[in-house]
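Colleague: Sequences and hints are given; from them, build the entire structure.
Under our numbering, residue 284 is the last one in the sequence shown; the count climbs by one each step, no gaps.
Incorrect hints may have been included.
Restraint-style ranges between C-beta atoms, simulated for each label pair [claimed, not checked]:
1) T224 <-> G105: 38 to 44 Å
2) T16 <-> A199: 18 to 24 Å
3) A263 <-> E129: 30 to 36 Å
4) E82 <-> K7: 28 to 34 Å
5) S145 <-> P181: 16 to 22 Å
Below, simulated DSSO-like cross-link-like pairs (lysine-lysine); rule was C-alpha separation at most 30 Å, straight line [what the hints assert, rightly or not]:
6) K7 <-> K53
7) K264 <-> K7
8) K53 <-> K264
Hints are computed from structural coordinates only; laboratory data are not their basis. Quick caveat: nothing in here was measured; it's all calculated off a predicted structure. Note that CB positions come from ideal geometry on N, CA and C, so glycine has one too.
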Amino acid sequence: MKQFFFGPSETPLLGTLHAPPAGSAGRVGVLLLYPFGNEYLRQLRAFKFLAEGIAGKGFPVLRLEVTGTGDAGGDDEDMGFERWRQDVAAGLAELQARTGVERFVLAGRRLGATLALLGAEGREGVDRLVLWDPILHGPSWLEQLRRDHEEFVTMYRGVDGNLVMPAPGTGPSHAPFEALGQGFAERLLADARALDLRRGVELAGSPRVLVLDSGPEPTLEPFAEALRGCGAGEVEFHHLPDSSARDVVNPLRVYVPAKMNRAIQAWLARDREQEQPAA
Numbered sequence: 006m007k008q009f010f011f012g013p014s015e016t017p018l019l020g021t022l023h024a025p026p027a028g029s030a031g032r033v034g035v036l037l038l039y040p041f042g043n044e045y046l047r048q049l050r051a052f053k054f055l056a057e058g059i060a061g062k063g064f065p066v067l068r069l070e071v072t073g074t075g076d077a078g079g080d081d082e083d084m085g086f087e088r089w090r091q092d093v094a095a096g097l098a099e100l101q102a103r104t105g106v107e108r109f110v111l112a113g114r115r116l117g118a119t120l121a122l123l124g125a126e127g128r129e130g131v132d133r134l135v136l137w138d139p140i141l142h143g144p145s146w147l148e149q150l151r152r153d154h155e156e157f158v159t160m161y162r163g164v165d166g167n168l169v170m171p172a173p174g175t176g177p178s179h180a181p182f183e184a185l186g187q188g189f190a191e192r193l194l195a196d197a198r199a200l201d202l203r204r205g206v207e208l209a210g211s212p213r214v215l216v217l218d219s220g221p222e223p224t225l226e227p228f229a230e231a232l233r234g235c236g237a238g239e240v241e242f243h244h245l246p247d248s249s250a251r252d253v254v255n256p257l258r259v260y261v262p263a264k265m266n267r268a269i270q271a272w273l274a275r276d277r278e279q280e281q282p283a284a
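Modeller: And the structure:
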């Protein structure tokens with residue numbers, strides 16, 4: 006595992022590269038995109054295990070922390086979907102430069118899956134997409150964050166009676182919207198309010214797509230069906246309910262969704278077995 010900064014010196018991106026076993030690397034590399042905010046913190050360990058597992062199947066894997074997130078450069082005002090789309094493109098270029106891969110898998114969870122989809126829109130060279138619980142409708146996401154924060158406040162008010170939902174501009178980040186410790190500056194808030202990917206995006210090159218839904222009901226199945234009309238090749242939908250994946254209000258609960266990790270690795274390995282290692 007190798008960690009490094011790259012990109013603009015004033016707002017560098019952070020990459021963590023996992024190399025496959027010697028002699029097993031193929032021509033396809035995986036760019037792995039994290040969830041956002043509270044979910045990012047709780048998924049770091051799981052993503053490390055996922056990246057190690059995928060690399061063990063013969064794929065170079067780059068975990069990418071985009072502008073304003075994790076240990077990447079930038080702050081709340083720098084975050085936005087267009088900026089992050091550019092970060093995804095930079096991550097793909099960095100992965101190719103460091104490993105020599107020719108084609109890519111874009112994979113992510115929650116907002117990371119959203120960025121994977123946006124990063125693949127109209128882009129040649131994307132071989133596969135792994136969309137794990139993607140956020141497709143921004144207004145619904147913001148409303149869910151508001152409810153999650155209120156649930157958190159209710160749960161912990163007995164410990165700290167001062168816990169409240171910050172009024173716009175009054176929280177620690179002084180952002181117009183803040184929930185579970187994550188601020189949304191004006192640009193990101195506007196982008197989130199305008200986000201609607203329920204009908205998919207136009208995909209080039211007929212990439213194969215895996216849509217994973219860990220919710221109690223298979224609500225992402227219509228989205229998977231919509232992708233079939235957006236230029237995707239084979240689209241697989243798997244509903245694997247996981248109640249722990251939706252427990253976003255307990256900040257002390259860090260979990261590794263082994264069932265989902267195994268499903269992703271198995272799906273990628275199925276096609277990898279048909280590829281010849283790169284020379």
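Colleague: With reference to the structure, classify each hint as holding or not holding.
Modeller: Outcome of the hint check:
1. T224 <-> G105: 38 to 44 Å: 39 Å Cβ-Cβ, so the 38 to 44 Å window holds.
2. T16 <-> A199: 18 to 24 Å: With Cβ atoms ~23 Å apart, the hint holds.
3. A263 <-> E129: 30 to 36 Å: 34 Å, holds
4. E82 <-> K7: 28 to 34 Å: Roughly 30 Å apart at Cβ, these two residues keep to the hinted range, so it holds.
5. S145 <-> P181: 16 to 22 Å: 18 Å, holds
6. K7 <-> K53: 12 Å, holds
7. K264 <-> K7: Answer holds: K264 to K7 is near 26 Å, not above 30 Å.
8. K53 <-> K264: 15 Å, holds
Consistency with the previously given hints is maintained throughout, with no hint failing.
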